[in-house]
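> Next come the chains, spelled out residue by residue.
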Amino acid sequence: MEPIYIKATISSPEINFEPDNNVLRITGESYPENSFDFYAPVISWLKTSLQELPELTLDIAVTYMNSSSTKCTFDIMDILEDAHWRGVKTSIIWRYDRENERSYEMAEDFREEVLFPFEIEALDT
Amino acid sequence: MKSLKDMRSLVERAVSENNPLAPDIEKIINCYAKLLRRFDKIVSLSDSYQSQLRELNMRLELMAHTDPLTGINNRGYFMELLCAELNRSKRHERVFSVLMLDLDRFKSLNDNYGHAAGDEALRTLPRVIQASELRTSDFSGRIGGEEFAIALPETGIHGAYEVAERIRANLEKTAVILDGKEYFMTASIGVSEYRAGDTEDTLLQRADQAMYRAKETGRNRVCLSDSG
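Residue numbers (the working numbering), protein chains in the order written: chain R, 882 to 1006; chain Y, 4 to 231.
Pulled out of the complex, with its shape left as it was, chain R reads as follows:
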């Protein structure tokens, strides 16, 4: 299983898997021309990896997403949830912007969608 890596662009986040601690990092801003095209390889890598890995943490620090990216993020969270029910130790660390009050509320909105561990931490920690 190859660790996935996608370089950041001005409109899409960096995708980076760290095999040492089984962390998938998504960092940056997300408003690609076609989110479904952008996230498709991430989603298919995730599905395959979750068949093999005993655990996976999604560490997501995305300060802005367009609506299709929001949808894709939920899709990713659903995949993690399915794996959780199969016995894989999945968790999410959601990083929010301390300077922006709405940012924390939005993290909580995302958290409502899953039943596995979901931590909310500030961006600079």
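Hints may contain errors.
To be verified - Derived SDA-like pairs: lysine to any residue, alpha-carbon spacing no greater than 25 Å straight-line: (1) Y:218 - Y:178; (2) Y:37 - R:966; (3) Y:176 - Y:111; (4) R:888 - R:928; (5) Y:176 - Y:115; (6) Y:44 - R:986; (7) R:952 - Y:50; (8) Y:184 - Y:134; (9) Y:30 - R:956; (10) Y:44 - R:956; (11) Y:5 - Y:36; (12) R:928 - Y:41; (13) Y:5 - Y:61; (14) R:952 - Y:30.
If you're looking for bench data, these hints aren't it; they were derived computationally from the structure.
Once you've looked at the hints, dock chain Y against the given chain R.
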């Protein structure tokens, strides 16, 4: 799209009719409910992100227009506003005037009391301008180190003179605390009125020349541009 209530009553009907597909229908309706909730959530989160963007944009625009020290319009934005007023006055044959204000002996204030004091002095003039009963259509800007300009639409040179004199008098009475002591600043002010053929530069230049004359003839005074 059917409402969730309608869909749930489908399930109830299937159950009451002992339809063998009832549990499957219920599963589908539950999926439908989840999809509906998820859809609403995506939309509302997207709205939140968009509001964030708009707020950021507004702040950026404000920063681009604002002089960071005094909080009033910076030179670039003042010139934009002046250009618009010039075009408006030209088109509708209106009258308007500009004032150029320069703090007196600013360099020696800076040398004697330091730059922090100089900054405080620079912040005081815009406050005095605000308190001098300008109209909402009047606008000002910091256009140089210690130079400020004010545009007064619908105002001829004599009306502008009165405004300038009011500002000058208010400034003279306003104490700034420097080094624990009260310091009273003054400004030299030049006034010019828009005339046909003016550009922003020629209009401001005449006001500038009048301001220099105010400096040369004793400071803390208002001079009208000779040529109007």
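> Sort out which numbered hints this structure fails and list those numbers smallest first.
13
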